[in-house]
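A.B. asks: Sequence:
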Amino acid sequence: MKVSREQMAENRRRILDVASRLFRDKGFDAVSVAEVMKAAGLTHGGFYGHFSSKDDLIAHTLAHVLAADEGGGGDLRTYVDSYLSPRHRDNTAGGCPTAGFAADIRHQTPAARSAMTEGLRSQIDRIGKALPELDSADRRRAAIGSWAAMVGAVILARAINDPALSDEVLEQTRFWINTGISQVPTS
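Just add 15 to wherever you are in the sequence shown, counting from 1, and you've got our numbering.
You may find that some hints are simply not true.
Calculated pairs, DSSO-like style, for lysine-lysine (alpha carbon to alpha carbon, straight line, at most 30 Å) [said to hold, decoys possible]:
(1) K53 / K17
(2) K17 / K41
(3) K17 / K69
(4) K41 / K53
(5) K53 / K69
Simulated DEER-style distance windows between Cβ atoms [to be verified]:
(6) T58 / D119: 25 to 31 Å
(7) D177 / S129: 35 to 41 Å
(8) R27 / D177: 40 to 46 Å
(9) A174 / K17: 46 to 52 Å
Honestly, the hints are just simulated from the structure, not real lab data. The structure displayed is predicted, hence computed values, not measured ones. Beta carbons: idealized from backbone N, C-alpha and C, even for Gly.
Please construct the entire structure, taking both the sequences and the accompanying hints into account.
C.D. replies: Here it is, written out as structure tokens:
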């Protein structure tokens with residue numbers, strides 16, 4: 016039975032969504048193509064109608080999930096507080112793709128690394144737009160520093176087995192960034 020273009024697009028989106036959750040939860044190497052397809056409710060044989068290889072799936076998954084994570088500007092303090100929360104830290108499969116993939120991406124293909132690079136650029140722009148009162152160079156510096164601190168804090172908070180220290184890493188990073196935001200001169 017021939018599948019419509021709409022159904023093919025829906026199947027592809029479902030594969031990318033499932034792969035994103037599995038890759039964030041288990042890591043790239045621990046997830047097989049068969050596992051992705053089974054979790055998506057599709058046959059293993061249908062995979063090659065969408066992707067040429069697992070590496071191709073990884074690159075497209077990164078592009079898909081990082082594009083979905085771009086979101087609108089909004090209030091930076093609210094974003095920081097939500098991002099640096101225990102709820103986000105504990106949601107490895109559905110949380111930030113940058114924090115979920117950062118450590119493993121250096122071992123991936125150039126296409127996957129390019130997708131991560133574009134995702135990083137988007138996040139820097141997103142945070143920078145939330146700091147309009149700064150000049151361009153200071154806005155970029157604050158955006159890069161804030162994003163690096165946020166991602167690093169989530170990675171560290173997830174990596175350790177001391178719940179109190181994990182919470183403290185999030186709290187202190189949130190305090191540090193919010194203090195910096197408070198010191199931004201207003202026009």
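A.B. asks: State for each hint whether it applies.
C.D. replies: Tested hints:
no.: 1; hint: K53 / K17; verdict: holds, 20 Å
no.: 2; hint: K17 / K41; verdict: violated, 34 Å
no.: 3; hint: K17 / K69; verdict: holds, 24 Å
no.: 4; hint: K41 / K53; verdict: holds, 16 Å
no.: 5; hint: K53 / K69; verdict: holds, 15 Å
no.: 6; hint: T58 / D119: 25 to 31 Å; verdict: holds, 27 Å
no.: 7; hint: D177 / S129: 35 to 41 Å; verdict: holds, 36 Å
no.: 8; hint: R27 / D177: 40 to 46 Å; verdict: holds, 41 Å
no.: 9; hint: A174 / K17: 46 to 52 Å; verdict: holds, 48 Å
Checked against the numbered hints above, the structure breaks only hint 2 and satisfies the rest.
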